[in-house]
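**Student:** The listed protein sequences derive, respectively, from chains X and S.
When we follow the UniProt record's numbering, the leftmost residue of the first sequence carries the number 1, and every step to the right adds one.
When we follow the UniProt record's numbering, the leftmost residue of the second sequence carries the number 1, and every step to the right adds one.
Don't read these hints as lab results, they were simulated from the structure.
Hints are not guaranteed to be accurate.
Note that the list lumps identical chains together, so a pair holds whenever it fits in one copy or between two copies.
Unchecked claim - Derived lysine-lysine pairs resembling DSS-like cross-links, with alpha carbons at most 30 Å apart: (1) Lys530 with Lys542; (2) Lys20 with Lys447; (3) Lys20 with Lys348; (4) Lys353 with Lys306; (5) Lys348 with Lys306; (6) Lys498 with Lys390; (7) Lys492 with Lys534; (8) Lys530 with Lys353; (9) Lys390 with Lys20; (10) Lys447 with Lys542; (11) Lys530 with Lys20.
2 protein chains.
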Amino acid sequence: MPVKLVQATTSAYQYPLLIKQLLLTPLVIAPEQEITYQGRLRYNYRELRARIGRLASGLAGLGVEAGQTVAVMDWDSHRYLECFFAVPMMGAVLQTVNVRFNPEQILYTLNHAEADVLLVNSEFLPVLASIAGRLETVKTFVLLSDDEAAAAGEMPVTVAAEYEALLASASADFEFADFDENAQATTFYTTGTTGQPKGVYFSHRQLVLHALGCAAALGGAHANGRLHREDVYMPMTPMFHVHAWGFPYIATMLGLKQVYPGRYQPDVLCRLIAEEGVTFSHCVPTILHLVLGHPHAKELDLSNWKLIIGGSAMPEAMAIAAHQRGIDLFTGYGMSETCPVLTLAHLKFDDMKLSAEEQAVLRAKTGLPLPLVDLRIVDGEMQDVAHDGKASGEVVVRSPWLTQGYLKAPVESEELWAGGYLHTSDIGNINAAGYLKVTDRIKDVIKVGGEWTSSLQLEDIIAKHEAVQEVAVVGTPDAKWGERPLALVLLKPEHVGKLSEHALRNFAAQAIDASGCSRYGVLLQVSFVKRLLKTSVGKMNKRDMRADPQALRD
Amino acid sequence: MPVKLVQATTSAYQYPLLIKQLLLTPLVIAPEQEITYQGRLRYNYRELRARIGRLASGLAGLGVEAGQTVAVMDWDSHRYLECFFAVPMMGAVLQTVNVRFNPEQILYTLNHAEADVLLVNSEFLPVLASIAGRLETVKTFVLLSDDEAAAAGEMPVTVAAEYEALLASASADFEFADFDENAQATTFYTTGTTGQPKGVYFSHRQLVLHALGCAAALGGAHANGRLHREDVYMPMTPMFHVHAWGFPYIATMLGLKQVYPGRYQPDVLCRLIAEEGVTFSHCVPTILHLVLGHPHAKELDLSNWKLIIGGSAMPEAMAIAAHQRGIDLFTGYGMSETCPVLTLAHLKFDDMKLSAEEQAVLRAKTGLPLPLVDLRIVDGEMQDVAHDGKASGEVVVRSPWLTQGYLKAPVESEELWAGGYLHTSDIGNINAAGYLKVTDRIKDVIKVGGEWTSSLQLEDIIAKHEAVQEVAVVGTPDAKWGERPLALVLLKPEHVGKLSEHALRNFAAQAIDASGCSRYGVLLQVSFVKRLLKTSVGKMNKRDMRADPQALRD
Chain X
1 MPVKLVQATT SAYQYPLLIK QLLLTPLVIA PEQEITYQGR LRYNYRELRA RIGRLASGLA
61 GLGVEAGQTV AVMDWDSHRY LECFFAVPMM GAVLQTVNVR FNPEQILYTL NHAEADVLLV
121 NSEFLPVLAS IAGRLETVKT FVLLSDDEAA AAGEMPVTVA AEYEALLASA SADFEFADFD
181 ENAQATTFYT TGTTGQPKGV YFSHRQLVLH ALGCAAALGG AHANGRLHRE DVYMPMTPMF
241 HVHAWGFPYI ATMLGLKQVY PGRYQPDVLC RLIAEEGVTF SHCVPTILHL VLGHPHAKEL
301 DLSNWKLIIG GSAMPEAMAI AAHQRGIDLF TGYGMSETCP VLTLAHLKFD DMKLSAEEQA
361 VLRAKTGLPL PLVDLRIVDG EMQDVAHDGK ASGEVVVRSP WLTQGYLKAP VESEELWAGG
421 YLHTSDIGNI NAAGYLKVTD RIKDVIKVGG EWTSSLQLED IIAKHEAVQE VAVVGTPDAK
481 WGERPLALVL LKPEHVGKLS EHALRNFAAQ AIDASGCSRY GVLLQVSFVK RLLKTSVGKM
541 NKRDMRADPQ ALRD
Chain S
1 MPVKLVQATT SAYQYPLLIK QLLLTPLVIA PEQEITYQGR LRYNYRELRA RIGRLASGLA
61 GLGVEAGQTV AVMDWDSHRY LECFFAVPMM GAVLQTVNVR FNPEQILYTL NHAEADVLLV
121 NSEFLPVLAS IAGRLETVKT FVLLSDDEAA AAGEMPVTVA AEYEALLASA SADFEFADFD
181 ENAQATTFYT TGTTGQPKGV YFSHRQLVLH ALGCAAALGG AHANGRLHRE DVYMPMTPMF
241 HVHAWGFPYI ATMLGLKQVY PGRYQPDVLC RLIAEEGVTF SHCVPTILHL VLGHPHAKEL
301 DLSNWKLIIG GSAMPEAMAI AAHQRGIDLF TGYGMSETCP VLTLAHLKFD DMKLSAEEQA
361 VLRAKTGLPL PLVDLRIVDG EMQDVAHDGK ASGEVVVRSP WLTQGYLKAP VESEELWAGG
421 YLHTSDIGNI NAAGYLKVTD RIKDVIKVGG EWTSSLQLED IIAKHEAVQE VAVVGTPDAK
481 WGERPLALVL LKPEHVGKLS EHALRNFAAQ AIDASGCSRY GVLLQVSFVK RLLKTSVGKM
541 NKRDMRADPQ ALRD
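Let's have the full structure, built from the sequences with the hints guiding it.
**Tutor:** Right, dumping it as structure tokens:
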């Protein structure tokens with residue numbers, strides 16, 4: 001398309017979106033603002049900037065160049081924050097290694113990403129010892145440690161430098177050049193249910209736009225601004241996982257006080273919340289459960305705490321409990337592939353007058369799409385379904401901050417981006433107010449007459465019948481409908497022989513009509529079985545049951 | 001610089017920053033939200049989107065193609081909002097014509113921008129009649145009117161279509177394609193003190209980033225979020241001027257209720273504030289003065305009104321008066337060349353506990369730079385001055401949303417961007433808290449020993465002496481200091497002969513030491529004169545006085 005672009009006489013106006021530019025404003029408006037590691041180390045943004053320069057100079061001295069990959073294994077620390085900036089600002093790629101992976105997975109990801117340098121916390125030296133001989137590309141190791149004694153032991157590799165010594169000997173005056181905003185800045189690996197971890201990756205431009213988009217939504221979409229420069233930020237999802245949801249970048253851009261807690265220990269988290277005045281965090285439900293369940297949490301005043309819950313569905317009971325403690329708890333939705341934030345569950349003024357129970361329903365929804373996020377619910381032909389809070393389909397998305405694909409995995413990348421949208425493999429609906437509700441993973445839905453039908457919803461409905469002990473709903477091939485839902489039902493012993501499959505089907509059909517379930521749910525068939533197959537960890541093994549449902553009747 | 005860019009197997013992930021994408025979120029989260037014109041016409045975002053499609057189809061039917069320029073002459077209206085989106089979304093350039101210009105200037109800007117199409121409100125037909133014969137490129141005219149009768153009169157040009165009829169006959173299903181985000185989206189003209197108006201221009205990418213940056217700052221920088229989706233927006237700086245500071249784009253992106261007032265009449269503005277519940281606006285001090293001074297304003301509850309003041313310095317007295325009415329009044333800083341917003345005067349929680357007088361000082365400062373805004377105060381060698389609230393220099397800036405230059409004016413463009421930063425020609429300082437204070441225009445400062453010295457500050461100091469009737473401070477060439485300030489002083493008749501130049505200089509020097517003025521101010525020389533030269537509008541004619549100060553003594 002022809003466009004009327006005026007040729008400027010100078011290219012001085014060009015302004016690539018680079019991570020280094022997130023540091024511009026805080027150094028003017030908050031140079032004295034604090035960053036603390038566990039409350040025992042503390043410095044200001046001016047010092048942060050100097051240490052970022054020193055780290056870059058130090059790494060350059062070790063031979064790190066633009067285009068290389070620098071991997072980090074650490075808990076959440078000020079050091080990690082420094083790496084978040086210094087490594088991409090040099091033009092290198094930051095690989096955030098998932099330290100919860102087993103050693104073989106860690107080895108795989110370091111080799112697959114072709115990491116050149118590894119910064120490793122002394123706590124992980126045993127892991128490193130078990131894989132060091134098989135690292136194919138890492139040649140340089142830098143040791144991170146909270147504790148000099150721990151770092152003085154025998155090393156499984158030749159350590160090129162200790163982190164603090166490296167910084168102390170290097171100049172703060174590293175010149176961070178401008179370069180292409182599409183340069184890769186970070187990479188990390190995500191696990192599926194099968195196979196090796198898959199690498200996703202983000203550019204400078206994407207991380208900057210994600211920071212702006214989140215800040216715009218947190219200020220602009222909720223009735224009250226939810227994130228402002230007087231907030232105190234502490235991550236509670238790890239920095240190795242989707243850059244702690246990008247919030248270290250956002251917090252820095254806004255000049256917030258930042259608190260890094262190291263490894264997530266409930267007593268330490270409780271202490272930091274109290275002593276440092278934490279007001280803004282994000283975590284998965286499990287971590288919040290751990291924190292609120294800790295004895296120290298009982299005396300904490302949590303009424304200034306704003307907390308994004310993500311990673312898995314938030315139980316409404318948790319939202320109610322949090323509400324009673326005064327916490328402003330709300331859901332965020334996204335995944336590793338999406339940088340991650342796509343939606344946030346913002347409330348309106350009137351919503352905030354609702355009871356805890358009523359608010360919980362809204363707070364547990366997945367939320368409203370951020371600006372620029374093109375979030376759709378589509379059927380199998382990529383057609384939009386109605387925004388009526390009932391019609392469901394796959395969540396597909398475009399936004400300026402999605403991974404381009406999986407690292408060195410062209411087939412999976414093409415699948416991920418089929419039809420020009422990133423496929424989340426999540427099933428959900430959107431209501432008239434724009435709230436996304438994610439209901440299922442795609443593997444848990446059955447495509448009946450071309451429409452997604454939730455097996456989990458059907459299971460919920462059938463499980464409510466007093467005769468039912470356990471139920472698994474699977475899809476079975478059907479000439480007319482493509483697939484039909486089949487409920488494999490284990491009856492309570494005392495009900496065996498007293499209820500017909502037909503009667504249970506009718507019970508379900510009536511409940512389906514009254515529920516938000518797909519109308520095709522009524523095509524449900526019921527089969528009473530003698531056993532259900534489960535996996536080694538006790539989950540329903542639907543794959544095997546679907547393969548031969550008849551066998552379960554014997 | 002080599003960068004490790006992974007080649008994706010698909011380019012589906014590419015997401016150019018285009019104006020059309022600002023519409024994505026509101027259509028999901030606020031499809032029923034209202035947009036009203038003067039309270040007498042009202043529709044929702046779904047209808048806005050349909051009308052944008054119709055306008056694009058209608059314009060395409062008139063021959064408008066990507067790359068062409070569509071000029072608009074209208075007061076602030078829903079039609080203008082539709083043009084803000086439809087024209088750039090087609091790949092065409094929207095020229096917002098300053099209807100306050102005189103007809104010759106309007107003619108100049110339409111010819112200079114090579115406008116192809118003109119959408120003109122029937123109110124401006126007399127202007128059009130006076131220039132129609134000399135329009136060099138405009139071939140197609142579309143008539144806008146609030147009033148069918150007014151539009152039925154004799155036309156000075158052949159009208160291709162009436163706006164509402166055009167929309168009514170066109171399809172809402174215009175397919176807005178993706179294209180290069182650097183495509184030019186808008187252009188408009190700004191006046192200097194001399195010469196013809198100069199054209200500035202902005203790309204899709206720049207307008208989208210400006211919207212995100214403003215939203216991030218309005219939510220994230222103030223103690224409380226200052227702009228959220230339950231706000232009701234009404235512009236009070238015109239849409240023809242820097243796109244009403246970009247707020248129609250921002251308000252749309254966030255899904256706000258929007259109120260367009262037409263021409264700014266204080267009674268209409270007061271009525272709309274009350275009837276439509278306006279909570280967010282922006283204006284120059286003069287307009288606020290007009291509104292607050294109107295009889296209808298006395299009964300208005302303005303305690304929910306947030307108002308950005310810009311365009312010229314906000315008097316502290318105005319901030320105090322606004323505070324007493326409960327208005328959250330704060331300064332924004334920028335100019336036509338900067339899209340415009342660079343800084344906003346956000347307060348902290350503790351600041352908001354201060355007295356009205358103390359807050360006024362902060363609210364009247366020019367504010368804190370937005371995220372990504374690289375705002376510097378530099379001396380003549382482009383070296384940063386200290387952020388101590390005293391050292392002053394020129395404000396220079398980089399950000400992702402600055403004009404690339406002046407349209408078809410290579411020399412002025414190069415001057416604007418000298419040294420890789422956009423030169424604002426404003427003089428100011430930054431304090432330790434990051435607040436910018438703009439003190440002078442560059443033509444009002446004197447460069448002494450390489451340091452900017454404010455002539456206005458020196459004039460204020462000297463004017464405090466009881467003997468002084470009028471004073472003008474100009475710079476005179478000096479071998480050692482480059483320039484030295486020279487005070488041309490007209491004494492009150494009764495003091496003539498009773499005060500020496502030397503005594504007044506010493507009085508000034510002492511006051512300079514105690515003030516925030518440059519230390520080089522003490523190099524001030526004093527010359528008693530018999531007259532001061534003024535321009536035709538009564539301003540000091542410093543240019544002529546500087547040329548021959550000696551002549552003023554005779």
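**Student:** Determine for every hint whether it applies to the structure shown.
**Tutor:** Verification of the supplied hints:
1. Taking the shortest alpha-carbon separations for Lys530 and Lys542, only the intra-copy value of 15 Å comes in at or below 30 Å, while the best inter-copy value is 100 Å.
2. With identical chains, the CA atoms of Lys20 and Lys447 are never at most 30 Å apart, being 47 Å at best within one copy and 33 Å at best between copies.
3. In this assembly of identical chains, Lys20 and Lys348 lie within 30 Å of each other by CA distance solely across copies; the values are 26 Å between and 35 Å within a copy.
4. Taking CA atoms no more than 30 Å apart as the test, Lys353 paired with Lys306 passes in both settings, with 17 Å inside one copy and 23 Å between copies.
5. Proximity of Lys348 to Lys306 under the C-alpha cut-off of 30 Å is found in both arrangements, the shortest distances being 16 Å within a copy and 18 Å between copies.
6. In this homomeric assembly, Lys498 and Lys390 never come within 30 Å of each other (Cα to Cα): the closest approach is 34 Å inside a single copy and 90 Å across copies.
7. In the homo-oligomer, the alpha carbons of Lys492 and Lys534 lie at most 30 Å apart inside one protomer (18 Å), although the nearest pairing across protomers, at 101 Å, exceeds that limit.
8. Taking identical chains as interchangeable, the C-alpha atoms of Lys530 and Lys353 are never at most 30 Å apart, the minima being 50 Å within one chain and 71 Å between chains.
9. Only between protomers do Lys390 and Lys20 lie at most 30 Å apart by alpha-carbon distance; the minimum there is 28 Å, versus 44 Å within a single protomer.
10. For the homomeric pair Lys447 and Lys542, the shortest alpha-carbon distance inside one copy (15 Å) is at most 30 Å, but the shortest distance between copies (80 Å) is not.
11. Proximity of Lys530 to Lys20 under the C-alpha cut-off of 30 Å is found in neither arrangement, the shortest distances being 62 Å within a copy and 57 Å between copies.
Consistency note: the structure conflicts with the earlier hints numbered 2, 6, 8, 11.
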